[in-house]
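Protein chains: 2
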Amino acid sequence: MHPKEQRFKYRENIENGTTSGVCDGYLQANMISLPAKYAFEFLLFCHRNPKPCPVVDVLEAGQVVPRIADADIRTDLPKYRIYKNGDLERETYDLKDVWEDEFVTFLLGCSFTFEKALIEAGISLLHQEMKKVVPMYQTSISCEDAGSFKGEMVVSMRAIKKEELEETILITSKFPHAHGAPVHIGDPAEIGIQDFEQPDYGEFTPFNEDERIPVFWACGVTPQYVGLNAKPEIMITHAPGHMLITDQKE
Amino acid sequence: MHPKEQRFKYRENIENGTTSGVCDGYLQANMISLPAKYAFEFLLFCHRNPKPCPVVDVLEAGQVVPRIADADIRTDLPKYRIYKNGDLERETYDLKDVWEDEFVTFLLGCSFTFEKALIEAGISLLHQEMKKVVPMYQTSISCEDAGSFKGEMVVSMRAIKKEELEETILITSKFPHAHGAPVHIGDPAEIGIQDFEQPDYGEFTPFNEDERIPVFWACGVTPQYVGLNAKPEIMITHAPGHMLITDQKE
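Heads up: the sequence lines are chains A and B, in that order.
FYI, in our numbering the residues of the first sequence are 871 to 1120.
FYI, in our numbering the residues of the second sequence are 871 to 1120.
So that you can see chain A by itself, here it is in the shape it has in the complex (with noise of 0.2 Å):
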């Protein structure tokens, strides 16, 4: 199904669930919603951190329709989370009862599109595997900061049989615009994380120390948490694994 049928269900509501082997083959990506007043310093935060802030696309203030989708964002997404203040307010379907024409949109690349990428290459992925959300962790890597958007990289963590390992690296880099190349390989207390198997989002993928290592991405979950960090009035994402299905192969 092309994109344009599929982001019909969702701004029809027919369909709302997760974005995750929809559309194969076609780009997603994360959506983050702020007042103009906000829009520079974080388009300069995702500009010196571009691993965890890969920028696909950016609406200017008030735009609704994407240059890589055919789309309106304020509907076209299965499930948006809107924040007050740096708190989760609720979950919603619609954003056009909220929507101001001061929001500025930014769109980036995220990991579902390497993924795909490592899985044709034979790698294996345990939490696809095991049909578990990705490990994700806090950590106490610093980002560069921009103003009032600073704060520490969340990571998602993958682990890699050692034989797959080289490989990985090497695919993975190839996809700058959706994360890019390991920030982290090996032990992960040290880059601050506390309790690996409690991971902050997602679910902990048990494994074999001798057969695989733990490897981490910069993950796209870093700009929400340093977005709500700064404490906007108002920030709207969208929810984890709801993404803006995009018209653009990968």
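These are calculated hints, taken from the structure and not from any lab test.
Don't be surprised by glycine CBs; every beta carbon is placed ideally from N, CA and C.
Don't take each hint at face value.
[Said to hold, decoys possible] With a Cα cut of at most 30 Å, we get these calculated BS3-like pairs of lysine-lysine: (1) B:Lys921 - B:Lys1101; (2) A:Lys966 - B:Lys907; (3) A:Lys1044 - B:Lys874; (4) B:Lys879 - B:Lys986; (5) A:Lys1032 - A:Lys921; (6) A:Lys907 - B:Lys966; (7) B:Lys966 - B:Lys874; (8) B:Lys879 - A:Lys1020; (9) A:Lys907 - B:Lys874.
[Unchecked claim] Beyond 10 Å from chain A on every Cβ pair, some chain B residues (computed): (10) Thr888; (11) Ser890; (12) Glu911; (13) Glu930; (14) Asp971; (15) Ser994; (16) Lys1001; (17) Glu1036; (18) His1047; (19) Ala1051; (20) Val1053; (21) Phe1077; (22) Glu1081.
Chain B: place on chain A using the hints.
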């Protein structure tokens, strides 16, 4: 001489000439300062047009010390230009009396950086051999616009020996922070240049068309030209050829 010592001379007005050939081996940068209300759209313009506008540093509102140089940008360039409402008002050696806390400053890479690499590879650059300012032209190549920032790309031209063309492309493509690979090779009319021997900026370098082919790169005049099109109340730039010498090695 280390850049910090050279910048001290500019700060104290002991010297104020062109920075071409000065502190060889250190990155030099274009400077554009604008009131904060333009900052988001200008950063977005640079993000969308990385070849003419390769951002190497951004100073947030009121900041005067870059990350890439232990300098004060209000005093440490040899000469500046002040534009009001899109027109050149005056040149000056010091910005302290016009500086406002709301100014945001963008430092962009420049072609001095890749020229050095070409010379070191033994490639013949006519404008250097003839001691002329490199020729630059307005074109019909539209930049991607961002808010009020829009316009056509300005390019620089170097007539390269045919047998040196491939290496020239390879070398300059390694410098995305200094305009990167050429945007056009060959007939100037194809990019809307009407009077090839009368460049819009700089000086024409006559050449033998059997031996050399014109090669065009995105040029740092573009963001100034586009900036002025938007007619901001005030815009401050380095004076042509009078750059910020940074502490970063090329």
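Under the criterion that the straight-line Cα-Cα distance not exceed 30 Å, is the pair A:Lys907, B:Lys966 satisfied?
holds (27 Å)
Is the claim that B:Glu1036 lies outside the interface with chain A correct, judged by CB distances over 10 Å?
holds (24 Å)
Over 10 Å to the closest beta carbon of chain A is the bar; see if B:Thr888 clears it.
holds (30 Å)
Minimum Cβ distance from B:Ser994 to chain A greater than 10 Å, as the annotation requires
The assertion about B:Ser994 holds, with a minimum of 35 Å to chain A.
Closest CB-CB distance from B:His1047 to chain A, is it above 10 Å?
It holds; B:His1047 is separated from chain A by about 13 Å at its closest Cβ, greater than 10 Å.
Take a quick look at B:Glu1081 and tell me if its Cβ sits farther than 10 Å from every Cβ on chain A, holds or violated.
Given a closest Cβ separation of 39 Å, the condition holds.
Would you check whether the claim that B:Phe1077 is not at the interface survives, using Cβ distances to chain A and the 10 Å cut-off?
Check passes; 38 Å lies beyond 10 Å.
Does B:Ser890 sit more than 10 Å from chain A, CB to CB?
holds (29 Å)
Are the Cα positions of A:Lys907 and B:Lys874 separated by 30 Å at most?
violated (36 Å)
Are all C-beta atoms of chain A more than 10 Å from that of B:Asp971?
For B:Asp971, whose nearest Cβ neighbour in chain A is about 14 Å away, the distance exceeds 10 Å, so it holds.
Starting from B:Lys879, check that the Cα of A:Lys1020 is at most 30 Å away, please.
violated (36 Å)
Does B:Val1053 really sit off the interface, with its C-beta more than 10 Å from all C-beta atoms of chain A?
holds (21 Å)
Hint check: violations occur at hints 3, 8, 9, 12 and 13; the rest are consistent with the structure.
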